[in-house]
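J.: Below, each chain spelled out in residue letters.
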Amino acid sequence: MALTLFFLFALIAVAGAVNLLIQRHPIYSALSLVTVMGALAVEYLLLGAEFIAFIQIIVYAGAIMVLFVFVIMVLNAGEVAGEPRSRIAAFLGLPVLTLLGILLVSRTAAPFAATRLGTGDYLVQTAAVGDGLFHAYLLPFEVTSVLFLVGVLGAVVLAARREEPKRQAKAAGAK
Amino acid sequence: MPAGGLRRCGRYEMTTLAFFLLSLVKCLVVLFILLTAVAYIQLAERKIVGRMQARVGPTRVGPFGLLQPAADAVKFILKEDLIPDTAHKFLYVLAPMLAVVLALLSITVIPIGGDITLFGVHTALQITDLNVGLLLILGVTSLGVYGVVLGGWASNSKYSLLGSLRGGSQMISYELSLGLSLIGPIMLAGTLSLRGIVEAQRHLHWFILPQIVAFFIYITAAFAETNRVPFDLPDAEGELGAGYHTEYSAMKFAMFFLAEYVNMITVSCVATLVFFGGWSGPLFGPALLVAIEPILYFLAKVFFFLFLYIWVRGTLPRFRYDQLMGFGWKVLVPLALANVMVTALVVAWR
Amino acid sequence: MVPLSYYLALSAILFCLGIAGFLFKRDLITVFISIELMLNGVNLAFVAFSHALHQLDGNLFVFFVMVVAAAEAAVGLAIIIAVVRNRRTLEVDAASQLRERRS
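Protein chains in written order, with my numbering: chain E, 336 to 510; chain W, 41 to 390; chain H, 351 to 453.
Looking at chain E on its own, in the form it has when it is part of the complex (with noise of 0.2 Å):
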């Protein structure tokens, strides 16, 4: 039961990836991404990570991601249409990948073979999140509120229009 439900959001996230990829406007690769993230969640459900299941949903799916579509409806970002790619990156560049993917595999993936994960074996309480976040992972925890602070002031002065260049004209106009 586990593996069926392990295996078709496996293929649904593996698809979203693919998608991403095979998609030439962007709004299209977000919202596969969006799909990708959906079903990681539940794959996070079926590891007893209900918490960070939905964590996921509400902040990456939720909010991340919809920052992203945004800012592609406020740019009206479409397909960009560029210089023709070189040969060699098509050539060598996806059986190259392929090959990472299989050493990848094969490397990390498959020494674990032996462990199985049952899917009630281990349930993580959210009480238990909120106690290893205060107490074990304090400093780490402080240190992402002043991150996100630094974030906000730089996505701000980042995004903001200038001024200054009307005010000038305007005053060179006026003079």
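Stretch by stretch, here's where chain W covers chain E in the computed footprint (C-beta under 8 Å, at least three residues):
no. : segment
1   : 380-390
2   : 405-414
Coverage of chain E stretches by chain H, computed from C-beta distances (three or more under 8 Å per stretch; other residues unrestricted):
no. : segment
3   : 359-365
4   : 441-449
These are computed hints drawn from the structure, not numbers from a lab. Note that the Cβ used here is the ideal one computed from N, Cα and C, for glycine as well.
Position chains W and H against the provided structure of chain E, taking the given hints into account.
T.: For chains W and H alone, kept in the frame of chain E given last:
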């Protein structure tokens, strides 16, 4: 775990197949009731707003206009379904479906009453009791932004795009205060499961009294999340030509409509469960009555909130967009954070 | 009962697909989305090991990865907005004014 044998499904022992069939039956019953309820809430809104404006609402179709929703449904099905030529077809069709599916998804964790035994099956009056039920509702609220944003963008028209940008940014801003306002009751109850929160309010220890500030923040944020007056600028008929669903007709428009009313029902149910003790109330009378009374109390409280929605619609003017955003970020979020801090101090001191 | 290696294989596949998007795609936003895909793959590995070793730390680290991804997305998208405002295009190769002349 044996495939066909008994296992724990939720709180009761039953076979996987039985659990699956039971959940399916519950889903179908809830779906049917919900869709009928949405139709009649829409009629109730028209009649109540009509009375507030010194006129009667629809009265022609059926006695007191009671068949009006049926007439509306037939109209929606028979109307021509347009897809604008320049629209992004896939997203244009996907957006209303997404809105409806997400709206209906949050009903799965809402408990209507305690346990009942019908036809020898002992089950809870809830489709599934997640340990993190409240997080599911917040997650669905977060994903609900996509319905609005994609619907407006895919229509490829000025008014739709403006409406969807405004609607989307309004929804993500008020999502924050919505979540923060619910943290107070969660701390008092000590659990994220909706059934656990209701059980923590037994014997009339309803959370409305200690969490009155959180209640008002929640109601305000919920009005903004469901895009209802006074926060309905994104689909303001007089200003943006119906905003993000300008270009939608017939069945797709009906789906957006449906999603809005189902969201209203969800919000009302959550407010009842988290602040008003769910289905608790004085039990009296014979055994049969005692079994039904919790459901009736729950429904009465939910109807009160729906009436509040309709009442506010008939009474308050609309916020301007910058007033709306300023209010959400500069007033509600600090207030909700203050509430979280005070509640945390009180709980820790206890 | 799902073997741990299946979860790790899925994580590796998602990571490689993320790398593929990062290297092969020509517009800034899709490149950025591929980075998020890579982070998601890594998150899955963390949660899988957390379950296998019955330790909470994997879940907490996923929490921090998500937090960092959020901050990175905010600042990165602000940079993209600034770049597009100057160059009017989202193409990755357009920001090439400092490149040495090919002669």
